[in-house]
Structure formats: structure tokens, C-alpha cells
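Please take these sequences and the hints and turn them into a complete structure.
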Amino acid sequence: MRIHINPKYNKLKRFLKDLPVNFENTGESIYKGRNEIKVFEVEGILLNVKSFKIPHLINKIAYAWLRGSKAKHSFQYGMEIIKRGANTPEPIAVVEKLKNGLFHDSYYISLHHKYEFTIRDLIGFEFPDKENILQQFAVFTYEKLHKNGIHHLDYSRGNILITKLANDKYDFSIVDINRLKFEKMDYLKGLKNFSQIWASKEELEIVAKEYARINNKNEAEAAKLLIQFDKEHKAEINRKNNLKKRLKGNC
1 MRIHINPKYN KLKRFLKDLP VNFENTGESI YKGRNEIKVF EVEGILLNVK
51 SFKIPHLINK IAYAWLRGSK AKHSFQYGME IIKRGANTPE PIAVVEKLKN
101 GLFHDSYYIS LHHKYEFTIR DLIGFEFPDK ENILQQFAVF TYEKLHKNGI
151 HHLDYSRGNI LITKLANDKY DFSIVDINRL KFEKMDYLKG LKNFSQIWAS
201 KEELEIVAKE YARINNKNEA EAAKLLIQFD KEHKAEINRK NNLKKRLKGN
251 C
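Take 1 as the starting number for the sequence shown in UniProt numbering and just add one per residue.
No lab work stands behind these hints, which were simulated from the structure alone. Incorrect hints may appear among the rest.
[Unchecked claim] Think about it this way: if two alpha-carbon atoms lie no more than 30 Å apart in a straight line, the pair counts; the simulated BS3-like pairs of lysine-lysine are:
1. Lys217 - Lys53
2. Lys130 - Lys234
3. Lys217 - Lys234
[Unchecked claim] Cβ pair distances, simulated, as ranges:
4. Leu102 - Asp154: 22 to 32 Å
5. Lys130 - Lys234: 15 to 25 Å
6. His233 - Lys32: 25 to 35 Å
Backbone N, C-alpha and C define an ideal beta-carbon position, used for all residues, glycine too.
Below, the structure written as C-alpha cells:
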């Protein structure tokens, strides 16, 4: 077993060592799909534990000896995100288990972040203060992520957590951070990042115009660009999904 821990949380070492044995039968499951997320209370601290599915053979070798696992990347990237001044639930640890020299299962542990809704809850729906939220989302993305060289490669609806503050202000935090790049984000690359939220033309226009405004760019041109980026992104996703269906049909 390999454990990397945020030194602030050394008192949780016993919980972390026992986690691979206890995960299945303890904790409160809040999401179960390809991976599973559970909430635990340990030493008075609410923990969010993400269990990653066991990888295929090639990645069992790669994660064990050649490159970091998704859980390890989540921990490392989370620490760097906070260091750069952006918002993500505080990383606590990563636990990786090997069997017979091959990577087996892994867990990313962070502080449990209480939030009210995600971008998914308002895209495509009537939602209170929606335009203001989307404008603040654009500002957060630029000020906290792009200016700090943080490129979230899976910047999709469910990965942006939102909490309402006082005076119609909102707090944003990013999750699902194992796919990330720390790199210079120019204006067009930053604008294109929003194409992943799968929004309507009207919603994209709100985001694009605000992003252009804070970058001193032409707002109408920004809206046209983001709508085109959105079309290209949706076409690529649909192409991949159709290919997967055809491959499954031939199996």
C-alpha cells in the first residue's frame, strides 16, 4: 500500500491504512457510477472519499510503475490548485493498493465540501439569478483558474460546485481534478474551456460576453467564437459516442 498524506492531517493515518478494507461496508455513499464517492466522519472531520475503479491491465502496470494514478493526480493537482489561490476541496491524502506488483485500487480523500448546487442545475433550466451566476462563473474561471495557469480539462457541468453568499455573490469550487494542466491560458484557449458545459446559445452568450469584458475583448465576437467552439465540442463528443456504439455492436 502507498499512502501520500497532507501533513496537516497526520492524525488520520489509521483511518487511511484501514480504508481499502473498510470502504465497501462503511461510510455514506453519495455517488455511484464508474467510480464511487462516500462521506466519512473521522476525528470530527467530514471526509469525501473517491474510490476509482480498478483499471485495465495496461494501466495496472502504468499506474504502479510508470506514471501516477488518477487518485494520485487528484491529490497532487489539488495541492497545487490551492497553492495557486484557486478553490477546490482541501486534499487530505491518496491511498493506492498494489497486488502482485500490479496496481489494484485507489482512493482520493479530501475535505467534504458542502455546496448548494452545480452548474448542471441551472444550465437549460429556469433558475433564480441565473444571468448573475453565469457572469460570476466567467469571472471566477478567469480570475481564479486561467490567470493562475489552471486548465481544467474536464470543465463540465457537475464539476463546478456553487454556494450562494451574501449580497448576491457566489462561491465556486472545482472538483474531479485528475485531468488538469498547469499551463499558460491565452484568451482563446480560456474561452474555449467553456464549451464543455454543454450550454444553450443564450447561456453561452452570457458567459462569453462577460469573459470578453474582463479581458477587454469584443463581446459580440466572443459570443460567436464560443458558440462555434461549443458546436465543435458537441460534434466531437457525438462522433465518439457513435463510434463506441458501432464498436459495441460489432463485438
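Structure-based check of each hint:
1. Lys217 - Lys53: 43 Å, violated
2. Lys130 - Lys234: Status holds; Cα separation ~23 Å.
3. Lys217 - Lys234: Since the Cα atoms of Lys217 and Lys234 sit roughly 25 Å apart, the hinted pair holds (cutoff 30 Å).
4. Leu102 - Asp154: 22 to 32 Å: Distance hint for Leu102, Asp154 holds at roughly 26 Å.
5. Lys130 - Lys234: 15 to 25 Å: Given a distance of about 21 Å, which is inside 15 to 25 Å, the answer is holds.
6. His233 - Lys32: 25 to 35 Å: 27 Å, holds
Violated hints amount to a single one, hint 1; each of the other numbered hints is respected by the structure.
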